[in-house]
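> Just so you know, the sequences run in chain order L and E.
So for the first sequence, the working numbering puts the first residue at 1; every next one is plus one.
So for the second sequence, the working numbering puts the first residue at 1; every next one is plus one.
Take the hints with a grain of salt, since some may be wrong.
Subject to a maximum C-alpha distance of 30 Å in a straight line, what follows is the list of computed DSBU-like cross-link-like pairs (lysine-lysine) [as the list claims (entries may be wrong)]:
| hint | chain 1 | residue 1 | chain 2 | residue 2 |
| --- | --- | --- | --- | --- |
| 1 | L | K93 | L | K233 |
| 2 | L | K257 | L | K198 |
| 3 | L | K118 | L | K222 |
| 4 | L | K222 | L | K198 |
| 5 | E | K362 | E | K343 |
| 6 | L | K232 | L | K271 |
| 7 | L | K156 | E | K93 |
| 8 | L | K40 | L | K156 |
| 9 | E | K271 | E | K335 |
| 10 | E | K343 | L | K343 |
| 11 | E | K335 | L | K156 |
| 12 | L | K118 | L | K93 |
| 13 | E | K271 | L | K93 |
| 14 | L | K243 | L | K198 |
| 15 | E | K257 | E | K330 |
| 16 | E | K335 | L | K93 |
| 17 | L | K243 | L | K330 |
| 18 | E | K362 | L | K156 |
| 19 | L | K335 | L | K233 |
| 20 | L | K335 | E | K156 |
| 21 | E | K243 | E | K362 |
Simulated from the structure, these hints should not be mistaken for laboratory data.
There are 2 protein chains.
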Amino acid sequence: MKNIDQQAIENIAVGATLLGTGGGGDPYIGKLMALQAIDKYGPVPLVAPEELSPDDLVVPISMIGAPTVLLEKIPSGREMVKILEMMETYTGKRAAAVMPIEIGGVNSLIPFAVAAEKGLPVVDADAMGRAFPEAQMVTFYLDGLAPEPVTMADEKGNTVLFNPVDAVWSERLARSLTIQMGASAAMSDYALTAEQVKRSAIPYTLSLAEDVGRTILAAQSKSRSPVPALLKKLNGHLLFSGKIVDVTRRLDGGFTKGEARFAALAPGEAKDVRLYFQNEYLLVQDGSHVLASTPDLIVVLDNDTGTPMTSDRLKYGMRVDILAFPAHPKWRTAKGIEVAGPKYFGYDIDYRPVEERMAEYKNMHHDKQGDGNIG
Amino acid sequence: MKNIDQQAIENIAVGATLLGTGGGGDPYIGKLMALQAIDKYGPVPLVAPEELSPDDLVVPISMIGAPTVLLEKIPSGREMVKILEMMETYTGKRAAAVMPIEIGGVNSLIPFAVAAEKGLPVVDADAMGRAFPEAQMVTFYLDGLAPEPVTMADEKGNTVLFNPVDAVWSERLARSLTIQMGASAAMSDYALTAEQVKRSAIPYTLSLAEDVGRTILAAQSKSRSPVPALLKKLNGHLLFSGKIVDVTRRLDGGFTKGEARFAALAPGEAKDVRLYFQNEYLLVQDGSHVLASTPDLIVVLDNDTGTPMTSDRLKYGMRVDILAFPAHPKWRTAKGIEVAGPKYFGYDIDYRPVEERMAEYKNMHHDKQGDGNIG
């Protein structure tokens, strides 16, 4: 156990935005809520799943919806506490801890606001090891656990508790309610025992987010790029450095969907790099050549500041580094790829690990440079 | 108290379809479910609100959605019992009775199926005195009662309980869930005490439906038109007798919306009659002249058989009588007209009682026939 204070929240906000791969919501709102709550109630204990009693009730706390909307429609905070209390009423148990359902900007931080107010610890784990856009894209689902009941609340005071027949129905009903509630809402599902969390969640991801954030902030304080340290720490790959020449995005079914196009920073480098996202970054291509795809983590850093950028922040003219990191092994299984691989999102390509794709891509470019006959 | 047996169900099915003004769902499915349940569990007591203890819990049972879909997606029956049991769990009270929320084909009969299975009486009252397409169009809302909690279930096994901030949010969230659930679902709202039902509901409407149905079936058994008897019993008006020359309908936001056009049966009678519906019949015009509008009851009877027709049954070539009856006084108040008058449905006309409109229309036609200079 360690205590999460305001500096740790600052670190997690930055690190979780990187691990959130463009999604999870802008960290600003979540950070404000967590900082205010810690200021008022004191630091929040961060506990490993195994530090809890096996039967303890652990309640995930999250926001569902389009991050673009969250910047304009500020949560009240009451709705986060409400979804926890509804879960307690339904199960007849007091929550022993809360946890994030994903590692991403707003959704890694909201649990700390609720935990501070309720005097509970946060579990150092999540169910994605990154952020994903749909509610069934969690290790709990891969492991066959039931999402029910699902509790939802909005800032207006509407509350919903539902028992879907499966995780796909959970996503379907929750998404539809989210749209009605103004494209964002508080949501809790997969309220589990500490034992179930220990077996199924991806552990220590909040500690990892804090470590990543500290690394980025340390580099920034010395005006250095965090990229080399991040590639080493997360076993990653630099896919491309370039300038955004076009961004299109639209609100579609409660998601921010879109595409960004890039030109190379290095003069004379002929590349046609495209990045596709649905809240999260899902696919990077150079021409027809896939560089990385979901479920591997695709990350965009501001090239000037080293700050990780959510997809709703991408703008024409921005200079960025695009990185990719291997997904947790649970996502690289057949089931993981079926649930969150490129085909699920409508891209007609097979998933291949980023390290394989990049080895091939580098060979191709090496060959091209060495021998004009191959191309 | 009287007992509702299978013959009474047959009568209610016919009478409630008439009072349902084109909506409330095709009676066939509801009748089948009620007949089967009574066959298995015996007749169901029909009780006046004042026969219950004031604090008794009364649970309305209904289907929400597009009647067109209900003909193809048969309810399982389990979802009706489920929404009752969810209400009992939430309130911590056993239901003393169920009731229909509206008088309309399927929704007057479904409560009898649940009542038979659960050994409960049905209250002889409803909250519309007819059928209406939206959930806030109930006397309970006019009287400021809260709809929450709302319970919903579908035939697949999904269940939802929600607490909307008001009746408009109740309708909004329920409609969105209904669409996801396949355009029809079981729904209960306004679980009230018997005392509240006594003060706010429209009483004896199931008895009225049975009486109306008996009248129609008696006329049919003698091959006579039920129209004269119905006009007398319900203080109504025959607007028009004609043949359907065009019907357009579409599924829109969980409703069946549409319009029918008619030609006169009498040769040489030059009329351009149009009937507009959103599940229920809402407006009848001859050219630019309004004959009747919601909240007054507009009814279509098959001219050959005297059978009342729901809007999903209207077909090209059908010969029909269009009748209208005065709405209950609660709907003719300023609040009633605001909630369920023509302007709410997007028709830019003022509500005026059908008896006024028809007196004017008849005068106009009388003048026309008597004096060609006026037109």
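> Each of the hints needs a verdict: does it hold here or not?
Here is how each hint holds up against the structure:
1. For the suggested pair K93 of chain L and K233 of chain L, the alpha carbons sit about 40 Å apart, so the restraint of at most 30 Å is broken.
2. This hinted pair does not check out: K257 of chain L and K198 of chain L have alpha carbons roughly 33 Å apart, beyond 30 Å.
3. The hinted pair formed by K118 of chain L and K222 of chain L fails the criterion: a straight-line CA distance of about 38 Å is larger than 30 Å.
4. Only pairs whose Cα atoms come within 30 Å are accepted, and K222 of chain L paired with K198 of chain L is rejected, the gap being roughly 38 Å.
5. Distance check on the hinted pair: K362 of chain E and K343 of chain E sit about 25 Å apart at the alpha-carbon level, within 30 Å; holds.
6. Annotation: proposed proximity of K232 of chain L to K271 of chain L holds, straight-line Cα distance about 26 Å (limit 30 Å).
7. Under the criterion of a C-alpha separation no larger than 30 Å, the hint pairing K156 of chain L with K93 of chain E is consistent with the structure, at around 28 Å.
8. Restraint check for K40 of chain L and K156 of chain L: the C-alpha separation of about 24 Å stays at or below 30 Å, so the hint holds.
9. For the hint pairing K271 of chain E with K335 of chain E, the CA-to-CA distance comes to about 34 Å; that exceeds 30 Å, so the pair is violated.
10. At roughly 48 Å between alpha-carbon atoms, K343 of chain E and K343 of chain L are farther apart than 30 Å, so this suggested pair is violated.
11. Between the alpha carbons of K335 of chain E and K156 of chain L the distance comes to roughly 24 Å, so the proposed pair stays at or under 30 Å and holds.
12. This hinted pair checks out: K118 of chain L and K93 of chain L have alpha carbons roughly 14 Å apart, not beyond 30 Å.
13. This hinted pair does not check out: K271 of chain E and K93 of chain L have alpha carbons roughly 68 Å apart, beyond 30 Å.
14. Proposed proximity of K243 of chain L and K198 of chain L is contradicted: the alpha carbons are some 42 Å apart, above 30 Å.
15. Note on K257 of chain E and K330 of chain E: the hinted pairing holds, with a Cα-Cα distance of about 26 Å set against a maximum of 30 Å.
16. Distance check on the hinted pair: K335 of chain E and K93 of chain L sit about 44 Å apart at the alpha-carbon level, beyond 30 Å; violated.
17. Proximity of K243 of chain L to K330 of chain L is assessed by CA-CA distance (about 34 Å); at most 30 Å being required, the pair is judged violated.
18. Annotation: proposed proximity of K362 of chain E to K156 of chain L is violated, straight-line Cα distance about 51 Å (limit 30 Å).
19. This hinted pair checks out: K335 of chain L and K233 of chain L have alpha carbons roughly 27 Å apart, not beyond 30 Å.
20. Restraint check for K335 of chain L and K156 of chain E: satisfied, since their Cα atoms lie roughly 24 Å apart, inside the 30 Å limit.
21. With a C-alpha separation of about 21 Å, the suggested pairing of K243 of chain E with K362 of chain E holds against the 30 Å cut-off.
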